[in-house]
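**Q** Protein chains in written order, with the numbering used here: chain H, 925 to 1260; chain B, 925 to 1260; chain L, 925 to 1260; chain Y, 925 to 1260.
Honestly, the hints are just simulated from the structure, not real lab data.
Each hint should be verified, as a subset may be incorrect.
Because identical chains share one entry, a pair is satisfied inside a single copy or across any pair of copies.
With a Cα cut of at most 27 Å, we get these calculated BS3-like pairs of lysine-lysine [claimed, not checked]:
{"hint": "1", "residue 1": "Lys1230", "residue 2": "Lys1185"}
{"hint": "2", "residue 1": "Lys930", "residue 2": "Lys1040"}
{"hint": "3", "residue 1": "Lys930", "residue 2": "Lys1185"}
{"hint": "4", "residue 1": "Lys930", "residue 2": "Lys988"}
Listed below are the residues making up each chain.
Number of protein chains: 4
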Amino acid sequence: MIIILKPSATEEQIDTLKAEMTGRRLIIQEITGETTRMIGLAGDTSMLSPEMVTRHEFVERVMKVSEPYKLASRRFHPQDTVIEFPGGQKVGGGNLAVIAGPCSVESEEQIISIAKEVKLSGATFLRGGAFKPRSSPYSFQGLGLDGLNLLKIAREKTGLPIVTEIMSQEHCEVFANDVDVIQIGARNMQNFPLLREVGGLGRPVLLKRGSSSTIDEMLQAADYILAGGKSAVILCERGIRTFETATRNTLDISAVPVLKKRSHLPVVVDPSHGTGHWDLVFPMAMAAVAAGADGIMIEVHNHPEKALCDGQQSVTPFLFDRMMNRIKKLRGVMCE
Amino acid sequence: MIIILKPSATEEQIDTLKAEMTGRRLIIQEITGETTRMIGLAGDTSMLSPEMVTRHEFVERVMKVSEPYKLASRRFHPQDTVIEFPGGQKVGGGNLAVIAGPCSVESEEQIISIAKEVKLSGATFLRGGAFKPRSSPYSFQGLGLDGLNLLKIAREKTGLPIVTEIMSQEHCEVFANDVDVIQIGARNMQNFPLLREVGGLGRPVLLKRGSSSTIDEMLQAADYILAGGKSAVILCERGIRTFETATRNTLDISAVPVLKKRSHLPVVVDPSHGTGHWDLVFPMAMAAVAAGADGIMIEVHNHPEKALCDGQQSVTPFLFDRMMNRIKKLRGVMCE
Amino acid sequence: MIIILKPSATEEQIDTLKAEMTGRRLIIQEITGETTRMIGLAGDTSMLSPEMVTRHEFVERVMKVSEPYKLASRRFHPQDTVIEFPGGQKVGGGNLAVIAGPCSVESEEQIISIAKEVKLSGATFLRGGAFKPRSSPYSFQGLGLDGLNLLKIAREKTGLPIVTEIMSQEHCEVFANDVDVIQIGARNMQNFPLLREVGGLGRPVLLKRGSSSTIDEMLQAADYILAGGKSAVILCERGIRTFETATRNTLDISAVPVLKKRSHLPVVVDPSHGTGHWDLVFPMAMAAVAAGADGIMIEVHNHPEKALCDGQQSVTPFLFDRMMNRIKKLRGVMCE
Amino acid sequence: MIIILKPSATEEQIDTLKAEMTGRRLIIQEITGETTRMIGLAGDTSMLSPEMVTRHEFVERVMKVSEPYKLASRRFHPQDTVIEFPGGQKVGGGNLAVIAGPCSVESEEQIISIAKEVKLSGATFLRGGAFKPRSSPYSFQGLGLDGLNLLKIAREKTGLPIVTEIMSQEHCEVFANDVDVIQIGARNMQNFPLLREVGGLGRPVLLKRGSSSTIDEMLQAADYILAGGKSAVILCERGIRTFETATRNTLDISAVPVLKKRSHLPVVVDPSHGTGHWDLVFPMAMAAVAAGADGIMIEVHNHPEKALCDGQQSVTPFLFDRMMNRIKKLRGVMCE
């Protein structure tokens, strides 16, 4: 941590500050520029919030030097994390995860039919919402536990591990028993009690980036889960909120190489929510893979025009199949 | 709802769409421009999501005409909502609520001392965090239930109703019993299960705007609470996330008149979180009141440089007192 | 400037860097943390761009310590700049400038009638666009030099100094002769050749903040003008672009106290462009003055529904008069 | 255009509005919903600004149906625009343009050496700044006309057409004579007098997206140039300003398919400015091509650590060569 002092700071004030910092067992190193005087602090500054220091009237500014996350950082874990599933699927470390399925589970016939089709095209995981976070209380809210049971049936029929979103701590036990990858939705990326509890369940967690969360906040949220010590984390970029309205969100593809640089965790991309338009999903899925993503998450619906949720951004199994064909070829180029 | 058709739409396709809409008991009105053909729908379109319609390849775009919220809308409730408390405090309808106190409750001595001071200066409610949402798992997380008990003691000593944040459904019962105004923090504005449950508790809820939430999404979140039928809602603007880094958030003061126009609910402003710097709190509190806010929410700490949380944005009781003096005069101008 | 080194940096690499910096006559001070090693540089670092340093593979990050602007900084010019006009008007230093008039000059009758009315209500400057920057080439583009002549007639009739926007270097001479305050519009805030040339004209310049410009970039733009050595600068906050669509822009009222803290230049606020809705202008003008602005800039039109430009955000002379009445009272509170 | 009336609108008010619209030769079609009454307007509404209508107190809102641009729209020009250069280079229509070179021209030796190297690796155009827009007046501002002359020498030696930025109308004649593709920088995207003048020069124009410009505003800016009737336009996505600070801008890769859908103009992507970090350029260039871009624009410098400008985001010729190798293979996949 670097403390930048105001030109008006007196020797007395500086001495008080130095004594305070020495009291915290920090090592003080002074830097004096022509117009600016600074104090560098070495040692464990994790318990020292910048605010405490900035509060002194004679302090101009404080600059944090170290990253605000630890367990998710590549600095302390240089190798890629690779998550292995009983069925042999791997996420991370050069493997491509393909998570596909409808926005929400609507019926047994629907979920099984889609699951079979996406598997044939090359999907390695089945997604489907049972509990749906909707901006409006008047929209369809998902089938709940019934939806979860239908997902289990679809898993049995296809062998695809299931990925589905948890919205409340009260469902943690059920999800720990029944779900292969527990999804934390963008709106819950900073629901800290939920993150903590999920981190203790021992199931891989797919953590979606909040639509106004920075990359560093996302990695701090991952730290909340990892601190539980039991659950692996998959990071998911799904678009951030900007001024542009041509797309539902602005899919931040550059988050992929940035996250891969800062963290050892696998990174997948959701171009369906990231764009909000089915005809942008194919090019953006290609872009994600070309940028080095460890996986993609795609909404597929057999009758998008009748979907109870997000039909606008769902591709048909036919288009999904064409997309997968090209992505396989792209992977050939990437892995050379 | 207005459906804009692509120029390439065939009569057959349009007929199918019209039949589908008639089947939903909607009344169809066609509009034909020189280059564009549109279909207007009258009737209850609340169960018809724009996505379902946009999904048709021959549809270019859909425009929603009605507001996405109902219970919070001034359209159906023209009079200001005024919330009255047993101690006589009123929120809304031309009254000014002043909610003041520390970011987090730290000790009995601290909370009682601050509560007494802010009351003397004119505060009408005491704020203080017991459960604290922190971006980092390594930051101070609040005293929890112990903090809640200290708030109750401070209430007893001063008569000020208490406002504090709930972070998890598991604390609903405690909050319903002990807290006068239950706060939903910005990060939980779209934690829908929590909103629903809080809406049934029968306590006024202070709903903070999510840092990337639109005004309409905030009113939809209010609808979630109001749908419970038991709890009144106070809206709180606390800054949105933008590219500007000079302030912690960009306090959207214009949200005050916009919310007052669209909704009958009281609107308060939190310039402490909205700016993140104690020396901006005074001018921005003035701005909020001058723009017509029904209240302000201010972080006050007797030793900001030792605060365990957000000391940077807390004002001292002395500065708070000066601010209140000027705000009282401003209120004189506003109420003439 | 602080250089943060990667843990992998070798002694040899660090020595090379140190030699390079010594060659630039910079004084080197090393700081060694537990996990991080840093180099602090003292001396004139203005010719050293952070990019040059970051480019070294063994450098993790560079932090600039000093502000990126000089002439606009309060650090080197602690007193408020006050601009005096021949007619006695003052801008800055506790005076309130009221700049009012139509979005664009439409006819002699229109501009004179509005000028007289706003003067009666208390305006101290007349605004009106002769050259209009419009997003669409198909929109009304202003009367050009004819509009400028009409403004001069209105000035003669009322004594109000005129404020109008320059869009091209080719008009610099005319503006230097005829205009009292030369406005640089938001879209030209970083039109550097124009800024430079205007800075040599010897007329006060009203510099509008670009809709996606940070406060620091705005002050750097002011430095471009001030470097000309002849022209004073008035800063104007007029809203920034965010995700919120309820308002045309998000008026960043907190920019007022931030700019006043960082700079000695006067700060005015334009709530008309800042909100885009006439019924938000009154509350936001109040908010601006309450936050400490040195002036407001208001679009007033006698027939807003027939305005050729921005009628939506123009207030009538009647409403302007009511607003001015209340603002005068607010000023009473502010100046006590 | 659809006009949505307030519930309180009287018959008399509506009749006045209808008469006004009939007077503008617009055809009126009424739509009556259960709670909302609307008026649809057919005919040429291009001269009718929404503001004029919204200004009526009884009008709630106006919705524009048609796109705000014409000449750039694919609606009126379904085929891709393909721009051919004398040397045989093509931009648009399935060809991949590779524009490479240093941020700014620094010396004859530098520009010739880089030009030769990028040509060998597959670049089809040479970029290099002679006039540089810099946020700070204290940064290196480019070699000006001398830089232009060096670019001409490099063109002679390599045969690569040159792309360089114009900053002021006063250089139009020189650029028309000497430059193959005239670049309009992001900061000048809405410098309308410059756009108009450049549109008459008869040289292809590379138009960069403003960092806070919507896709529609970019296409409106293209309309300004195309209205000149002489110059072709190449659109360039180069990142938008968001809250994320991990990258210099957020490169909006989804703008590629959106622009290709809405417009017939070629679309290139600049991952150097879009990310601001040299090690993100490779993955993001891949992403751009995979998303369907017609070209990429890459900053290449032989000694990035000594570059006078943007060294941080420049790749070395060696890395550029590796990148080009992989991009050629990716093109194979894309063109199958």
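**Q** None of the hints should be skipped; say for each whether it holds.
**A** Here is how each hint holds up against the structure:
Taking the closest pair of Cα atoms, lysine 1230 and lysine 1185 come within 27 Å of each other only across two copies (25 Å); inside a single copy the shortest separation is 41 Å, beyond that limit. In this homomeric assembly, lysine 930 and lysine 1040 never come within 27 Å of each other (Cα to Cα): the closest approach is 66 Å inside a single copy and 34 Å across copies. Within a single copy, lysine 930 and lysine 1185 get their C-alpha atoms only as close as 35 Å, which misses the 27 Å cut-off; across copies the closest is 13 Å, which meets it. Taking the shortest alpha-carbon separations for lysine 930 and lysine 988, both the intra-copy value of 17 Å and the inter-copy value of 15 Å come in at or below 27 Å.
Violated hint for the displayed structure: number 2, the only one.
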